[in-house]
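Each protein sequence line maps, in turn, to chains A and B.
For reference, each letter of the first sequence is one residue, going 1 to 104 in this note's numbering.
For reference, each letter of the second sequence is one residue, going 1 to 91 in this note's numbering.
What the hints contain is simulated information worked out from the structure, not anything from laboratory work.
Some clues are possibly wrong.
As the list claims (entries may be wrong) - Using 20 Å as the maximum straight-line C-alpha spacing, the simulated PhoX-like pairs for lysine-lysine come out as follows:
no.: 1; chain 1: A; residue 1: Lys87; chain 2: B; residue 2: Lys85
no.: 2; chain 1: A; residue 1: Lys91; chain 2: B; residue 2: Lys85
no.: 3; chain 1: B; residue 1: Lys61; chain 2: A; residue 2: Lys60
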Amino acid sequence: MIEYLLLLLGESIMIFGTLGILRFPDVYTRLHAATKCDTGGAMNILIALAIASEASLLIKLKFLVLAFLIALINPMVSHAIARGAYKYGIKPKVVVDMYAWDNP
Amino acid sequence: MVEENLLVSPFGWGAVVLVITSLVLSYRVLFGPTLADRIVGINTITTKTVIILAIFGFIAKEYFFLDLAIVLLMVNAVGGLILAKYMEGAK
Chain A
1 MIEYLLLLLG
11 ESIMIFGTLG
21 ILRFPDVYTR
31 LHAATKCDTG
41 GAMNILIALA
51 IASEASLLIK
61 LKFLVLAFLI
71 ALINPMVSHA
81 IARGAYKYGI
91 KPKVVVDMYA
101 WDNP
Chain B
1 MVEENLLVSP
11 FGWGAVVLVI
21 TSLVLSYRVL
31 FGPTLADRIV
41 GINTITTKTV
51 IILAIFGFIA
61 KEYFFLDLAI
71 VLLMVNAVGG
81 LILAKYMEGA
91 K
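Whole structure, please, built from the sequences with the hints as guidance.
The following block contains the structure:
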């Protein structure tokens, strides 16, 4: 029962992350929605798969290793893309840009 | 010999939802205003593909799909970092 609740939570996070990527006005806000979508939704669905799987313990551990790698890799790539986009010359549509204060 | 159907399990419906959201997201890849928007769309679609591979391996009970998913995730990481470094350099 708990795995279906986790699956529903992950799928709803994926759907709302997709809506955020489509509708937000800026690269950085879209990146925020994409990181929430990837990390939260993917880890929820993978933990649900690891609970629901009837295979041996090694296979369940492999699902958990996949979730751990997603938690490591995905925020790192998002951070690198945000830094690269700022260095590329895309200005964020905000009132206060504190990154520009620190890096003139 | 039991025929495994994709749409019996709720996880199969989850995979269908992921495919539909990936198709919707390809709008951001095709018509993104800047380069960074396209890279964000590509990264999200690749992560969804990793989850779809894991769900297929779970449903068909063919667990080598998990190794394919891990390899695709690592390729996604290296590709994202290389594209970010390219965006830092290109002006």
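task = Against the structure, test the hints numbered earlier, and report the numbers of the ones violated in rising order.
result = none
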